[in-house]
Amino acid sequence: MSRPRFWDPAGERFGIPTFPWRMAPEGFCTRRQLRARGLRPNGQPVAAQVLWYSRRYGGGVRAAYLYRPELAAPVRPMTPAKAAALAAANAARRLCPDCGLDAGHVLPAHLGRCLTCEYGDPLAA
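Residue -8 is where the sequence shown starts when you use this note's numbering, and the numbers rise one by one after that.
If you're looking for bench data, these hints aren't it; they were derived computationally from the structure.
Positions of the beta carbon are idealized from the N, C-alpha and C atoms, including for glycine.
A portion of the hints provided could be inaccurate.
Distance ranges between label pairs, derived from CB positions [unchecked claim]:
| # | residue 1 | residue 2 | range |
| --- | --- | --- | --- |
| 1 | R(-4) | E61 | 25 to 31 Å |
| 2 | H96 | G29 | 29 to 35 Å |
| 3 | V97 | R4 | 40 to 46 Å |
| 4 | Q35 | W(-2) | 19 to 25 Å |
| 5 | L62 | H101 | 18 to 24 Å |
Whenever a hint applies, use it, and build me the whole structure from the sequences.
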């Protein structure tokens, strides 16, 4: 259960209206909820926040910022140039810098090259 210390609808303690987990009133949306509706924040300031305690990611207090959907704008459509740039960037993430082959998946960041170059061909033995 959320602690009452995060209940600050007037924004006196935290500077903006603050609510505990699952206690935010209607009329606010997170970025993800805006995107699901086909909207974007459109440069508006954060209208409120939800705070909660979390044991994930090192513990502590986590925050979700809330926006007003009536001030949001529609998401900009994907242009052919943006789609081509995104496809090229994703293809570059699959390309091994050592052998130059497309690995068929995103290369592990900690290795920086494909598994065959790192560990050898498993079928060669």
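Report the numbers of all earlier hints that the structure fails to satisfy, in ascending order.
5
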